[in-house]
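Trainee: Sequence:
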Amino acid sequence: MSLPLATLCGVGTWSEEPFGNDTAADWAWELDEADSWDVVSDVLRDYLGEDETDSGLDEVAVAAAAVVAHGAGLALSEEEDTESVEGFLGRVGAPPASAVTAARAALDKVGGESELAELWADADGLDDWRATLARLRDALPA
54 MSLPLATLCG VGTWSEEPFG NDTAADWAWE LDEADSWDVV SDVLRDYLGE DETDSGLDEV
114 AVAAAAVVAH GAGLALSEEE DTESVEGFLG RVGAPPASAV TAARAALDKV GGESELAELW
174 ADADGLDDWR ATLARLRDAL PA
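Read in our numbering, the sequence shown has 85 at position 32, and its numbers run on one by one without any break.
Just so you know, these hints were derived from the structure itself, not from any lab. Even glycine gets a Cβ: it sits at the ideal position worked out from N, Cα and C. Treat the hints with caution; some may be incorrect.
Here are the in silico distance ranges between beta carbons for each label pair [claimed, not checked]:
#1 190 / 131: 18 to 26 Å
#2 177 / 149: 34 to 42 Å
#3 175 / 85: 27 to 35 Å
#4 128 / 150: 30 to 38 Å
#5 144 / 181: 14 to 22 Å
#6 174 / 87: 29 to 37 Å
#7 140 / 166: 28 to 36 Å
#8 103 / 150: 33 to 41 Å
#9 87 / 190: 18 to 26 Å
#10 174 / 146: 32 to 40 Å
#11 187 / 101: 18 to 26 Å
Full structure from sequences and hints, please.
Mentor: Here it is, written out as structure tokens:
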């Protein structure tokens, strides 16, 4: 699971869940002040526009895609601190179709040849992490 990854990276990862790392958890605080889907859509658009990404960008893209999946009806994990996500979704409602499309594309990109995928492979957690990505993707409306 994530303990080897945390050791490998030195800090900040405790779970393969979307908000199971410091980078994504910190980004989620931005949702506390947001009153539209723009904060999520901007992250996804910027991520998809990058040719090369680092693991931090990958982690935030997964978190943003998770917000979209949760907005589309996926239950929030009890393992994660998701108060920011719950509050955000209570204010903005269901995600727009453009956010759903971008979330799907971001999950495909990060699940492919990304730095984050390499780190999970090095930590022997790739299968669990990819299962999390698949769960998120499956929750997105077609």
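Trainee: Between the beta carbons of residue 140 and residue 166, is the distance compatible with 28 to 36 Å?
Mentor: The hinted range 28 to 36 Å holds for residue 140 and residue 166, with Cβ atoms some 35 Å apart.
Trainee: Do the beta carbons of residue 190 and residue 131 sit within 18 to 26 Å of each other?
Mentor: Taking Cβ atoms as reference, residue 190 and residue 131 lie about 21 Å apart, which means the hint holds.
Trainee: Taking the Cβ atom of residue 187 and the Cβ atom of residue 101, is their distance within the range 18 to 26 Å?
Mentor: holds (19 Å)
Trainee: Lying within 29 to 37 Å: is that true of the beta-carbon distance residue 174 to residue 87?
Mentor: With Cβ atoms ~33 Å apart, the hint holds.
Trainee: Can you tell me whether the CB distance of residue 174 to residue 146 sits inside 32 to 40 Å?
Mentor: holds (37 Å)
Trainee: Lying within 14 to 22 Å: is that true of the beta-carbon distance residue 144 to residue 181?
Mentor: violated (32 Å)
Trainee: Taking 34 to 42 Å as the stated bounds, is the beta-carbon spacing between residue 177 and residue 149 within them?
Mentor: holds (38 Å)
Trainee: Is it true that residue 87 and residue 190 lie within 18 to 26 Å of each other by Cβ?
Mentor: holds (23 Å)
Trainee: Regarding residue 175 and residue 85, is the given constraint of 27 to 35 Å on their beta-carbon distance met?
Mentor: Holds, since residue 175 and residue 85 (Cβ atoms, about 33 Å apart) stay within the stated range.
Trainee: A range of 30 to 38 Å was offered for this pair. Does it hold for the Cβ distance of residue 128 and residue 150?
Mentor: violated (22 Å)
Trainee: Could you see if the CB distance from residue 103 to residue 150 stays within 33 to 41 Å?
Mentor: violated (23 Å)
Of the numbered hints stated above, those contradicted by the structure are hints 4, 5 and 8, listed in ascending order.
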